[in-house]
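Add chain L to chain F, keeping to what the hints say.
Number of protein chains: 2
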Amino acid sequence: MESKKPLILVSNDDGVMAKGISELVKFLRPLGEIVVMAPDSPRSGSGSALTVTHPVHYQLVKKEVGLTVYKCTGTPTDCIKLALGAVLDRKPDLVVGGINHGDNSAINVHYSGTMGVVIEGCLKGIPSIGFSLCNHQPDADFEPAGLYIRKIAAMILEKGLPPLTCLNVNFPDTPHLKGVKVCEQAKGCWENEWVTCPRLDDHHYFWLTGSFTDHELENENNDHWALENGYVAITPTTVDMTAYGFIDELNDYCKQIEF
Amino acid sequence: MESKKPLILVSNDDGVMAKGISELVKFLRPLGEIVVMAPDSPRSGSGSALTVTHPVHYQLVKKEVGLTVYKCTGTPTDCIKLALGAVLDRKPDLVVGGINHGDNSAINVHYSGTMGVVIEGCLKGIPSIGFSLCNHQPDADFEPAGLYIRKIAAMILEKGLPPLTCLNVNFPDTPHLKGVKVCEQAKGCWENEWVTCPRLDDHHYFWLTGSFTDHELENENNDHWALENGYVAITPTTVDMTAYGFIDELNDYCKQIEF
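Protein chains in written order, with full-length UniProt numbering: chain F, 1 to 259; chain L, 1 to 259.
Don't take every hint at face value.
Identical copies carry no separate label here, and so any pair may be met within one copy or between two of them.
[As the list claims (entries may be wrong)] Below, simulated PhoX-like cross-link-like pairs (lysine-lysine); rule was C-alpha separation at most 25 Å, straight line: (1) K159 / K255; (2) K255 / K71; (3) K71 / K5.
Honestly, the hints are just simulated from the structure, not real lab data.
Extracted from the complex, chain F is given alone in its bound form:
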């Protein structure tokens, strides 16, 4: 890796075999040297989970000019930590997660392993972007997203991102994208999340499912609205979760906590 080309570290949560990550690599290759370190099987819904009860293992899958692919037994976050801490010999210029098979807008940022990748890159001080498509199918069509992905990644390679800030980019599932929209994370919640699947006479088995309800349907600034209306939603995301606006009031509350 003596190359002066930008180094781009790629991972996902659908696993190294998913179409979304190979499409992502295809779109990013003109921009630099690509290293993939991705889970060896699907890890949807991993959030920023870590592997702490057993060792993590990685293995070379493929190496060619400009592209090295590893698979890893760990979570998406483990993949980034491992690549940065034990595999790469220089710091990447960009960390990219995706392309996720499924919507990671709104509060899904908390559950998404793809955004786990991005949050970890960001915590390590590297400009980081997650790309997701609102289509769960294994053979989803990522092609319409391609030009946007290349342009957004090139833009962030050139300009960088502020400290503690990353991007959560979601694409509606349409060939006719209306352009990009900078958004806020939609406020809402998942409902009807459990479906029973009894085993013998035990009715305490449940599948996780559900539907998302947007609590601000009229808010044209939110990412859920943008996706529903055909725009590429770019949600700038901070890893500093401090509720700064509540500090003064909480200080008042806490006056009653004295012994």
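Below, chain L without anything else, positioned relative to chain F:
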């Protein structure tokens, strides 16, 4: 559950058998009716991970006046979703995670299953608090934290919390607590995270470990500083991860993305 007493939903990531959760229940019992739904084994480092590849199962462990305990095969976040969506017949007045065996201050909020519990409660619109002690030992002494935990929980039951806001409360491992300090999430990062543990001739096995470096050692407002100096650190935490301060600049950036 016809009781008018507040309903308090409790979970953790160390598992239903951990000392920390039984101590938490002991401290909270005077405040209301307690329902525990906790993982059936340790799930440290779960973040907000979900179980999506197989069904989740729960089981009654114990029922007595004022206390019902369930164990669950899922993640900490699953536990809260399952209790709210499939088990409880009224909405809790408070969700509490902990007491975690180990520090969840600073950027650990992203990896912590205990904070996964709290983030989920908060996303569901319920005042939610996480309690953690800076001691990983199974037999850690939680007693000094007890009076604070009861008082903080009573305070939030009385006053509530703003929308999208929860509390991340961490205790230093000392019998001589200096009082509470409302904090910001410390900025820093984990370093030296991997230790090799070769198997036969394969050197690609690694244990996750590491040490936290605070990037703002002089910042007396941060939670890491508070803990190092003997204070109970209360970090108000938002589940809205939008980087609002970067929206205008990102809009400028994005002018170059047109086709």
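Exercise for the section: State whether the alpha carbon distance between K255 and K71 is at most 25 Å within one copy, between copies, both, or neither. Expected result: Cα proximity of K255 and K71: none, with 52 Å in one copy and 37 Å across.
Practice task
Pop the pair K159 and K255 into one bin, within, between, both or neither, using alpha-carbon distances up to 25 Å.
Solution key: Intra 45 Å, inter 13 Å, cutoff 25 Å: inter-copy only.
Exercise for the section: First find the shortest C-alpha distance between K71 and K5 inside one copy, then the shortest across copies, and answer within, between, both or neither for a cut-off of 25 Å. Expected result: For K71 and K5, the Cα distance is within 25 Å only inside one copy (23 Å; across copies 52 Å).
Violation of the numbered hints given earlier is confined to hint 2; every other hint is satisfied by the structure.
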